[in-house]
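Chains as they are written, first to last, in the working numbering: chain Y, 1 to 361; chain A, 1001 to 1521.
Note that these hints are calculated values from the structure, not bench results. Among the hints, a few may not be true.
Below, a list of computed lysine-lysine pairs in the DSS-like style, where the Cα atoms sit at most 30 Å apart [to be verified]:
{"no.": "1", "chain 1": "A", "residue 1": "Lys1484", "chain 2": "A", "residue 2": "Lys1127"}
{"no.": "2", "chain 1": "Y", "residue 1": "Lys98", "chain 2": "A", "residue 2": "Lys1497"}
{"no.": "3", "chain 1": "Y", "residue 1": "Lys267", "chain 2": "A", "residue 2": "Lys1123"}
{"no.": "4", "chain 1": "Y", "residue 1": "Lys96", "chain 2": "Y", "residue 2": "Lys267"}
{"no.": "5", "chain 1": "A", "residue 1": "Lys1048", "chain 2": "Y", "residue 2": "Lys226"}
{"no.": "6", "chain 1": "Y", "residue 1": "Lys98", "chain 2": "A", "residue 2": "Lys1127"}
{"no.": "7", "chain 1": "A", "residue 1": "Lys1158", "chain 2": "A", "residue 2": "Lys1123"}
Model, not experiment: these values are computed from the prediction.
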Amino acid sequence: MDSSSFFGISTIAYILAMIIYIIYLAFRKTRIGIAATTITIVGFISQTLAIAMRWKEFNDLSGMGFLRSVPLTNLYESMIFFVWCLILGYLIIEFKYKNRSFGAFVTPIAGLALAFIDISGMSKDIHPLVPALQSNWLLAHVMMSFIAYAAFALSFSTGLMYLILTTEKRNESGYIFWTFILGTFVMLLFLMGIDFFTFRVAVKPDVFIKSYMFRASFLNPSIAIKILSWIAMMAIIVIVWRYGSFLKMVMDKFGISAETLDEITYKSIAVGFPVFTLGGLIFGAIWADQAWGTYWSWDPKETWSLITWFVYAFYLHSRMVRGWRGKKVAIVAVTGFVVAMFTYVGVNLLLSGLHSYGDIK
Amino acid sequence: MEQEKNKTFIDKIWDLFASVKFAIIIFALISLTSVVGTILEQKAEPAKNIQILSKIFGESLAPTLYNIFDKIGFMDMYHSWWFLTLLILFSANIVICSIERLPRIWKMVREPISPLTEEHLEKVSIKRELILRGKPEKVKDFVISAIKGAGFKVIESKEDKGYQLYSQKGSFTRLGVYITHSSILLILIGAFIGIFLGFKGFLPLPEGMSSPVVLLHNDSLTQTEAHEKEMILNAIWTSSGSISSSSATLGMDENTLKAKMHKYGIQPLGFTIRCDDFDVYFYGSSDLPKEYKSWLTVIDGGKEVLKKTIGVNDPLAYKSITFYQASYGMVPNAQGKFILRITPKSGAPEIKQLNLGERFIISGTTMEGTIRDFSRALSFDKQGRPITYAEMMNNPAVFIDFKEGGKEKYSGWILKRHPITAKLPEGHTVEFIDIWGVQYTGLQVRKDPGVWIVYLGCIVMSIGLFIAFFMSHRKLWVRIAEEKNSTKVIIGATTNKNRAAFERKINKIITLLSKKQEGEK
Ligand code: HEM
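Bound conformation, chain Y alone:
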C-alpha cells in the first residue's frame, strides 16, 4: 500500500468518526462513544503512516535530504497536516477532560477540510521545490502556522460550545451569533457533501473541471438552483436559530461546565498565539527577507495574517476588560478562527479571484 491509500483510509475514518460523534451526542450511549474514539484513533494512525510514507517518497524523488523533504510544500499537504494536528489536539483534550462531547464539534472541521481537498481540485501530486521554496525558514513557518491554526480550530469548537451552553434567549446577540455560525458551517459541510456526490459519485462530467466547489449550489449555471441554494442556506440558519435550544439541552446532559470550556478556549489560544506569532509572522517575515529582501510587503496574505493576529490579541486583551468575560470573549474567539480560515484559504480563493482579470471558476 502507498501513502495515498492510507490517506484514503484516514479520510473515511474521520468522516465516519464525525457521523458517529454526532450520533453519540444525540444518544449518549458509551458504546457509540468508544466506537467514535476508536475510529478516530485508527484514522489518526493511518494518517500518521501516510505522512511518513509521503515524506519518504518525496525524499526519494527530490534527493534533497530528509529534513528538506518534509511534506509541507503545497496546499494539499498543508491541509493534511492541519487535520493531523487538529485530531491530535482533539484526542489529547478528550483524554484529559474525559468527555467525548467535543468530538461532534471538532471532527466536522476535519471533515470540512477533507471535503475541501477533494472538491476544490487541488493538486495532490508530489512536486519538487522551486528555488524560492527551498528554505528551512519556510518549512518552520508553514509547520508552525498549521499547528497554530489547529489550536485555533480547537478554540473555535470550544468557544462555540461555550456560547451554546450559556445562551438561552433567541433575541440574545450571543445566541444569534452562534446559530448563524453553526448554521453556515452545517450548510457548507452539507453543500460540499452534495458537490462530492454529484461530481464524484453520480455524474462524472466528461469535460474536465478543476474545482467542483459549490458547483451543485451557489456556482451552478442554473439561476434557479443558485437562488434555491441561498434560500436553503437561509432556511438552515433559521432552523438552527429556532431549535438551537435543543442543542443546549443535549449539551447540558454531558455535564461539561462553561468554565471548563472557557478554560480550554483560552488555553488553546495561549498555545496558538505564541506559535502563530513566531512561526506564522516572524518566520514568514524572515523567509521573505531571505528570499526577496523585504520582510513585510503588505500583500493580501501577509495582511490577513496580521489581521488574524490582531483578532487574537483582541481576544487576549478583551478578557482583561471588566464586563467582557464569558460570552463576548467567546464570540471573539469564534470570529478569530473564521478570520484565520479566511487567511488560509479565503485569500487564495476570493482575493486572488478579485485581483485577476479572469474568474477562477
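Place chain A with the ligand on chain Y using the hints.
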C-alpha cells in the same frame, strides 16, 4: 481654575491612552482598514481597482467609488497619513499603558515575600494540610529539602508554635507582557528606520558587466527624459561610477548630475558589483527550475574584495547593502561566447571560447568543427525539424559541422543539458559547457539599516510571549506547627497563571513528604 480644567482634559486623554478598551478599538480599526487594503490592489493601475469595485458594487457605482477611495488614500493605504496615524496611536497606547501600570507591576516584581498570618493563609487559592510525626525541627528539615528539590529557595521564620517557611519563584515573569509590548515598539522603530534611511532597488546585470549604481524606481518618463536617463546610465557605466568623470563625459556639472540621478532614481552603491556568470539548473530533464545562480564579485577601491555565488534564499551582503537573486532574462541582441570543452580520444581536455561561425580543431587530429547555429531551448517538432520552444535558456544547444581532412563528415546538435550528445563516433567528446554573455541576472538590491532592530524586536517578542504564556509567578508558604505528639504542616500557594501545573507540583511535594515519613519507620 483654567489650570484645573486643562489638567482634567490631559488626564482624560492620558486615561484613554492607558486603557485596554482603547487598544481594542485600535486593533479593530487597523484590522478593518487593512481588510479594505487587501481587497483593493495597492499601487495598481486605476483600471484594475475600478474593475474590482465593479465586481462588488456594480459597473455604475465603481468610478465614483474609486474616486472617493482614491481621495482618502486607499489605493496606497499602508503609506497613507491616516494609517501611519493609526500606527502611531497604537504605539502611544502601548507606551502610555505600560507607563501607567509599570510601577504596580514593578512593585510586585521587587517585593520580597513575607510570612502570612493564619487568617491570610486560610484564604489563599491552593491549600493542603498534612500531619507528620516528630518534632517541628525535624519536619522542617524534611520540608526544606522537599521544597528546595522543587526548585524554590526557602526563607524561614520562627513562630510561637513552630516555623513558617516561604518562598517565591518567577516574580520577573510579571514583566513578560511588557517585554512583548516593547518588542512591538522595537519592530515599528526598525521599520521606520528602514523606510527613511534605507532604499530598495533593482539591477538587471548582464553576464560580464559591472555597475556602480542601482535603479530605485521605474517611473513612467517622457521620451526625452528616458533618453537622458539612458545617457546618464551609460556615462556612469563606462566611467565605472566616478561622478566627476561621468559629469565630464556628459558635459554637466556634478551637482546637476547628482540632481538628475536623484530624479531618475539612480542610486550609487559606493562600490561596484559585477556579474561573472548566471545559470539556471533544472530538475532532471524537465523545465522545472531547481536553482538560479549568479556568480557575483564586489569591487571596492579598484580591488576585488568579495566573491559569492548567490541563489534564491542565499543573498550577498556587503557594506550593509544586500543583493538578492530575484529574476533573470535574455539580453536583447547580445552576441555570446560559446564555451566548449574538447577532449580528444586519447588526450587532455581543452576549454575553448568561440563565436558563432568560428572554427576549432580537435587537437592531435585533422577533425575540424564549426559552430553553425544556436538555440536557447531546443526541441523537435512532429516532422523532426528543430524548433526553439521557450524564450529563456531552457535547453541551450549548438549545431556543429564536422570536417575531417577538409571533407564534410557529419553534423548535429550538442545539448548543454544532455552530455550524451557530446560523444563523437570516433571517441572524441565536444561538450557544450555554456554560452556566456547573453543572459542577465535580475538583482533585488536593498539597504535597510533598521532590519537588525526589527529582528531584535522579533527575538524580544518571542522571549516575551514565552514568559507571558508559559511561565508564572508562584508563591508558597508552609506553616509548621507542633501539635500533640505530631506536627501539622499547612501548605498554601498562589500563582498568577497555570494553576493546575502548580497544584501538581505541590501534590508531588506532599507525596515526597509522606514517603519520607514511611522511610523513617
Ligand atoms: C498587537 C499588539 C499587542 C500584543 C501582541 C500584545 C500582547 C499581550 C499579551 C500576550 C498579553 C498577556 C495576555 C495574557 O496573559 O493572557 C498582554 C497583556 C496586556 N496588554 Fe497587550 N499586546 C498588544 C497591544 C497592547 C496595547 C496597544 C495595549 C494598550 C492598552 C496593551 C495592554 C495590555 C495590558 C494592560 C495587558 C495586561 C497586563 C497585565 O496582565 O498586567 N496591549 N498583551
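Checklist entry - Going straight from one Cα to the other, do A:Lys1484 and A:Lys1127 come out at no more than 30 Å? => result 22 Å, holds
Checklist entry - Within a Cα-Cα threshold of 30 Å, do Y:Lys98 and A:Lys1497 meet the stated pairing? => result 23 Å, holds
Next on the checklist: Need the status of pair Y:Lys98, A:Lys1127: alpha-carbon distance at most 30 Å?
Outcome noted: 25 Å, holds
Checklist entry - Given the hint that Y:Lys96 pairs with Y:Lys267, does the C-alpha gap stay at or below 30 Å? => result 13 Å, holds
Checklist entry - Does A:Lys1123 lie within 30 Å of A:Lys1158 when you go C-alpha to C-alpha? => result 21 Å, holds
Item to check | Holds or violated: Y:Lys267 to A:Lys1123, with C-alpha atoms at most 30 Å apart | outcome: 26 Å, holds
Checklist entry - Given the hint that A:Lys1048 pairs with Y:Lys226, does the C-alpha gap stay at or below 30 Å? => result Measuring from Cα to Cα gives roughly 28 Å; hence the hint holds.
In this structure, none of the earlier numbered hints is contradicted; all agree with it.
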